[in-house]
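**Q** The primary structure of each chain is shown beneath.
Number of protein chains: 2
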Amino acid sequence: MKWSQAYIPTLRDVPQDAEIPSHQLMLRAGLIQKLASGLYSFLPLGLRVLHKVENIIREELNQRGAQELLMPILQPRQIWEKSGRWDVVGDLAMKTQSREEKEFILGPTHEEIVTDLVSKSLKSYKNLPINLYQIQVKFRDEIRPRFGVMRAKEFVMKDGYSFDASEEGADKNFDLMHDAYNAIFTRCGLNYKSIEADTGVMGGSKSQEFTALADAGEDGVVECDGCGYAANLELAIRKPQELNGNSSDSTELKKVPTPGKKKVKDVTAFFKTEATSLIKTLIYEVDTKPVAVLVRGDQELSEVKLRRVLDATDVVLASEETIQKVTGAPVGFAGPVGLDSIPLVADLSIQGMTGAITGGNAPDSHYQGVDLERDCKIKQYEDLSTVVENDLCVHCGKALKIRRGIEVGHVFKLGTKYSKSLGALFLDEKGKENPAIMGCYGIGVSRTVAAIIEQNFDEGGIVWPMAVAPFQVVITIVNIKNKSQLQAGEKLYKELTDAGYDVLLDDRNERPGPKFKDADLIGIPVRVTIGKHIEEGNVELKKRSESDFSLIPIKDVLKSLV
Amino acid sequence: MKWSQAYIPTLRDVPQDAEIPSHQLMLRAGLIQKLASGLYSFLPLGLRVLHKVENIIREELNQRGAQELLMPILQPRQIWEKSGRWDVVGDLAMKTQSREEKEFILGPTHEEIVTDLVSKSLKSYKNLPINLYQIQVKFRDEIRPRFGVMRAKEFVMKDGYSFDASEEGADKNFDLMHDAYNAIFTRCGLNYKSIEADTGVMGGSKSQEFTALADAGEDGVVECDGCGYAANLELAIRKPQELNGNSSDSTELKKVPTPGKKKVKDVTAFFKTEATSLIKTLIYEVDTKPVAVLVRGDQELSEVKLRRVLDATDVVLASEETIQKVTGAPVGFAGPVGLDSIPLVADLSIQGMTGAITGGNAPDSHYQGVDLERDCKIKQYEDLSTVVENDLCVHCGKALKIRRGIEVGHVFKLGTKYSKSLGALFLDEKGKENPAIMGCYGIGVSRTVAAIIEQNFDEGGIVWPMAVAPFQVVITIVNIKNKSQLQAGEKLYKELTDAGYDVLLDDRNERPGPKFKDADLIGIPVRVTIGKHIEEGNVELKKRSESDFSLIPIKDVLKSLV
Numbered sequence: 001m002k003w004s005q006a007y008i009p010t011l012r013d014v015p016q017d018a019e020i021p022s023h024q025l026m027l028r029a030g031l032i033q034k035l036a037s038g039l040y041s042f043l044p045l046g047l048r049v050l051h052k053v054e055n056i057i058r059e060e061l062n063q064r065g066a067q068e069l070l071m072p073i074l075q076p077r078q079i080w081e082k083s084g085r086w087d088v089v090g091d092l093a094m095k096t097q098s099r100e101e102k103e104f105i106l107g108p109t110h111e112e113i114v115t116d117l118v119s120k121s122l123k124s125y126k127n128l129p130i131n132l133y134q135i136q137v138k139f140r141d142e143i144r145p146r147f148g149v150m151r152a153k154e155f156v157m158k159d160g161y162s163f164d165a166s167e168e169g170a171d172k173n174f175d176l177m178h179d180a181y182n183a184i185f186t187r188c189g190l191n192y193k194s195i196e197a198d199t200g201v202m203g204g205s206k207s208q209e210f211t212a213l214a215d216a217g218e219d220g221v222v223e224c225d226g227c228g229y230a231a232n233l234e235l236a237i238r239k240p241q242e243l244n245g246n247s248s249d250s251t252e253l254k255k256v257p258t259p260g261k262k263k264v265k266d267v268t269a270f271f272k273t274e275a276t277s278l279i280k281t282l283i284y285e286v287d288t289k290p291v292a293v294l295v296r297g298d299q300e301l302s303e304v305k306l307r308r309v310l311d312a313t314d315v316v317l318a319s320e321e322t323i324q325k326v327t328g329a330p331v332g333f334a335g336p337v338g339l340d341s342i343p344l345v346a347d348l349s350i351q352g353m354t355g356a357i358t359g360g361n362a363p364d365s366h367y368q369g370v371d372l373e374r375d376c377k378i379k380q381y382e383d384l385s386t387v388v389e390n391d392l393c394v395h396c397g398k399a400l401k402i403r404r405g406i407e408v409g410h411v412f413k414l415g416t417k418y419s420k421s422l423g424a425l426f427l428d429e430k431g432k433e434n435p436a437i438m439g440c441y442g443i444g445v446s447r448t449v450a451a452i453i454e455q456n457f458d459e460g461g462i463v464w465p466m467a468v469a470p471f472q473v474v475i476t477i478v479n480i481k482n483k484s485q486l487q488a489g490e491k492l493y494k495e496l497t498d499a500g501y502d503v504l505l506d507d508r509n510e511r512p513g514p515k516f517k518d519a520d521l522i523g524i525p526v527r528v529t530i531g532k533h534i535e536e537g538n539v540e541l542k543k544r545s546e547s548d549f550s551l552i553p554i555k556d557v558l559k560s561l562v
Numbered sequence: 001m002k003w004s005q006a007y008i009p010t011l012r013d014v015p016q017d018a019e020i021p022s023h024q025l026m027l028r029a030g031l032i033q034k035l036a037s038g039l040y041s042f043l044p045l046g047l048r049v050l051h052k053v054e055n056i057i058r059e060e061l062n063q064r065g066a067q068e069l070l071m072p073i074l075q076p077r078q079i080w081e082k083s084g085r086w087d088v089v090g091d092l093a094m095k096t097q098s099r100e101e102k103e104f105i106l107g108p109t110h111e112e113i114v115t116d117l118v119s120k121s122l123k124s125y126k127n128l129p130i131n132l133y134q135i136q137v138k139f140r141d142e143i144r145p146r147f148g149v150m151r152a153k154e155f156v157m158k159d160g161y162s163f164d165a166s167e168e169g170a171d172k173n174f175d176l177m178h179d180a181y182n183a184i185f186t187r188c189g190l191n192y193k194s195i196e197a198d199t200g201v202m203g204g205s206k207s208q209e210f211t212a213l214a215d216a217g218e219d220g221v222v223e224c225d226g227c228g229y230a231a232n233l234e235l236a237i238r239k240p241q242e243l244n245g246n247s248s249d250s251t252e253l254k255k256v257p258t259p260g261k262k263k264v265k266d267v268t269a270f271f272k273t274e275a276t277s278l279i280k281t282l283i284y285e286v287d288t289k290p291v292a293v294l295v296r297g298d299q300e301l302s303e304v305k306l307r308r309v310l311d312a313t314d315v316v317l318a319s320e321e322t323i324q325k326v327t328g329a330p331v332g333f334a335g336p337v338g339l340d341s342i343p344l345v346a347d348l349s350i351q352g353m354t355g356a357i358t359g360g361n362a363p364d365s366h367y368q369g370v371d372l373e374r375d376c377k378i379k380q381y382e383d384l385s386t387v388v389e390n391d392l393c394v395h396c397g398k399a400l401k402i403r404r405g406i407e408v409g410h411v412f413k414l415g416t417k418y419s420k421s422l423g424a425l426f427l428d429e430k431g432k433e434n435p436a437i438m439g440c441y442g443i444g445v446s447r448t449v450a451a452i453i454e455q456n457f458d459e460g461g462i463v464w465p466m467a468v469a470p471f472q473v474v475i476t477i478v479n480i481k482n483k484s485q486l487q488a489g490e491k492l493y494k495e496l497t498d499a500g501y502d503v504l505l506d507d508r509n510e511r512p513g514p515k516f517k518d519a520d521l522i523g524i525p526v527r528v529t530i531g532k533h534i535e536e537g538n539v540e541l542k543k544r545s546e547s548d549f550s551l552i553p554i555k556d557v558l559k560s561l562v
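Read top to bottom, the protein sequences are chains A and B.
Residues in the first sequence are numbered from 1 upward in steps of one, following the numbering used here.
Residues in the second sequence are numbered from 1 upward in steps of one, following the numbering used here.
Worth flagging that the hints you see were computed from the coordinates, not collected in a lab.
Since no wrong hints were added, every one of them can be taken at face value.
Heads up, simulated DSS-like pairs for lysine-lysine below, C-alpha to C-alpha not over 30 Å straight-line:
| no. | chain 1 | residue 1 | chain 2 | residue 2 |
| --- | --- | --- | --- | --- |
| 1 | B | Lys102 | A | Lys102 |
| 2 | B | Lys543 | B | Lys2 |
| 3 | A | Lys102 | B | Lys34 |
| 4 | A | Lys120 | B | Lys2 |
| 5 | A | Lys481 | B | Lys172 |
| 6 | A | Lys126 | B | Lys2 |
| 7 | A | Lys517 | B | Lys120 |
| 8 | B | Lys239 | B | Lys193 |
| 9 | A | Lys265 | A | Lys401 |
Everything numeric in this text was worked out from a predicted model, so none of it was measured.
My request is simple: use the sequences and hints to build the entire structure.
**A** If you want it as structure tokens, here you go:
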């Protein structure tokens, strides 16, 4: 394509609301444009990249027997009622109505629809396995859309679903899709990890996330350099620690007035001690019932772990009213002593703790000298707190590292939740009716584009990997008024295009400086500059990822690309 | 792909609610599946066809300099308010809200969004022309979704928009896109017409529809075999006719009691005359103001012509209350005599009519002997009625034919309505600010798939044109337990696939009869049958469109396809 005719509206300035590099660069390089909060248009250059990623996905999935289809975006309420998700889908789902006053969800995911679809033709184990996927725009009414296409209201997903007659078959499809995802993200040029992930409210068993490592990532990734263990921070586990609560000298239970001291740092300052001597008591509503959760003052509770341990669907911090009602104190003064009306669940790190400081279950008061065994009725001790840097690996004992990542894919063994509720049943070899065993597999396609940029940029702009670059080569004509430069450029353009390369010919009537800057900004992997050396038949060849260029005969450009 | 592993859930029976061949065949052949009224999934076989049509569209548009982008489906209310369409978009648009209680339309079309998008980078005439398109799911809350994907709530459209600095430029883009559409529909194998069409409420000037001729079509197409004139029935014109109202003998104006005679056939029976002696008086609300519209008893009013003639936005039949108020009579007895409170507009076919029968503007009464000149105050005579078969061509005088068609495409010169209201302005060579001149161009992509089927089927199923067939060749192995048949089939499959053909290998453990029937149903253009003749190295080659087959050496199959 000729740049003079291409719609590439680059921006000189970084837009104000763009916080992370990929968001800034996608806007500046004319890959996307903002319509409204969380809503972006993919401009021609951005769409080229999106299509390249989509085609990599298609190739790898088709090769493994998955078949593409396209389901409606509008999903009838009644189907979500069958799966039981209509009531729990919550505010993240966008909804609409038709003129018959029928309600629809704008597809955030398609488990219900694909299961209903398969149920209509599924009869026998002979019809299985089935592995279907689609590439489609999805909707999520994000509380805080941000980071451009990374967390948008409308975004492109690949969602896939497998149906099997046996656990072995389901595992095989799971492994096959895991393998496909490795191939896909590798081809996209991503530095990623496949990590253990939450099975969430989907009710599945196996769950692996594909996370692109990037400072701008919203997810924490726990990694062990020793044995390769990797997991999402929300559920990563570590070696149970020795008790290291700094018990205070006094083990006598004593109530102390602590007016206004609600935060950990205020309480530790008041008692002149460390956060490790404190026990935080968090009142949660677990499937609407209040539960007190205890963690050490220096640690963070993982709600994902809490949900898994309690086998709950919904885990939210209790309201101020509930806290007041349950503890008899305002927020900030809850404690385990005498809190007998609700279950107490505690993190392993405080098991056996004595001489601890806790809330007093009364306004402006704390206990000191708490002995958990002696003074409290704790129902169970569990691993509930989030791993921190240098905790020890449960598998090999080495110190764990914590990095940031962007979730770009997720493979998930779903089980029979949806096939049971939506009737995707088959007759087995003995004539017995069984629900199909399902897996589901997602890739955030538009997010993957952003993740690639997060890993491939410099101060000049994007540095696309060859496989996903919108154009692989840019031919920059230094002076389009010079006939031999222009003609040589057009001839080379034809030669490379005919050889199958995506080429952008910069034939704009601009000075070379801005042309080079634009080519760098939009990140084309190879730049061929046609300037004064063309008189000797030579051109400059420069890789976007390198600072040096070489002078080569124009006739050698094609073979230098291979 | 191997049929044994393909997801092609064919149906034996015609689904009850499928009325037309394409709908029946798309369901039976496993191309689509119904989710709910007006909502269909494209199954793998159907999606292959959809993608082939999409790629033909892309190739033809890209070649002409149009550039693909992807805009959001969610369109903020405020942008539709700027163009003035929020209030007039009506019930056909589906809407949703986000958590901030912001309202959105689910994109039925993207004039507002693309104009807003272009306005953000457009500065000078040097940025023009711009020609952008997208291929995307659109939404319409159809009153009566029917005919499968032909009239669905959710459907795939190609919508394109051009921006130019001059009328000449806009005309050039219009012609270029018209040319692209001819290439696209020709490559899709469609028998279609480019016909003159309504410019509608979009406020444009030039407008051509691309209509695939088919009995199941919802649109009327008027055609002249003499000179090639072709237009949408709604606005087709014909040679002004000689007055042929069968005036009754009496020209004396007389009021006659006609209790309960409301319909044309009852009134003509009562007066023992023909419908051509009657004048129908229809009360319309034209942009909310009542207007009486007169047509001859045997003719139909074209609301499109009425809207154009009166330069109105909105033309709807008046309510019973309005009719009663304006005419002093209930529905069925309106007439032009004495109807002085509202404007009267009449069809050309009644100009000069005398001795006519009209409503009496009183309950249960008619006038006879009406002389329009003498008795009524008609404001204007216009061409308002719909052409009927054998009306004469305005250009060459030959008899016009009326056929049925399916609108598959529309090219439209929009003008400056959107660029003005949404600020897509540019500075011209003299530094003066002007709105860009726009065109818009649509193709119903999923509808095109259905239209192709309407023109290409027989009693056995679909007969795909090669260019859009989901697979071009099916290799049917008569007996998969016969090793030489199976091996020959797999070898040929590899040979044809390597040569770039989309091949389906029917390796199912079925009898040949059902295999042939399935291959015919899904309409694969070429069938290669590998049976007993393989022992002599021969196979049967049969085209889906022909009934005969030939026996050829298996080594000649590839070259016979070219």
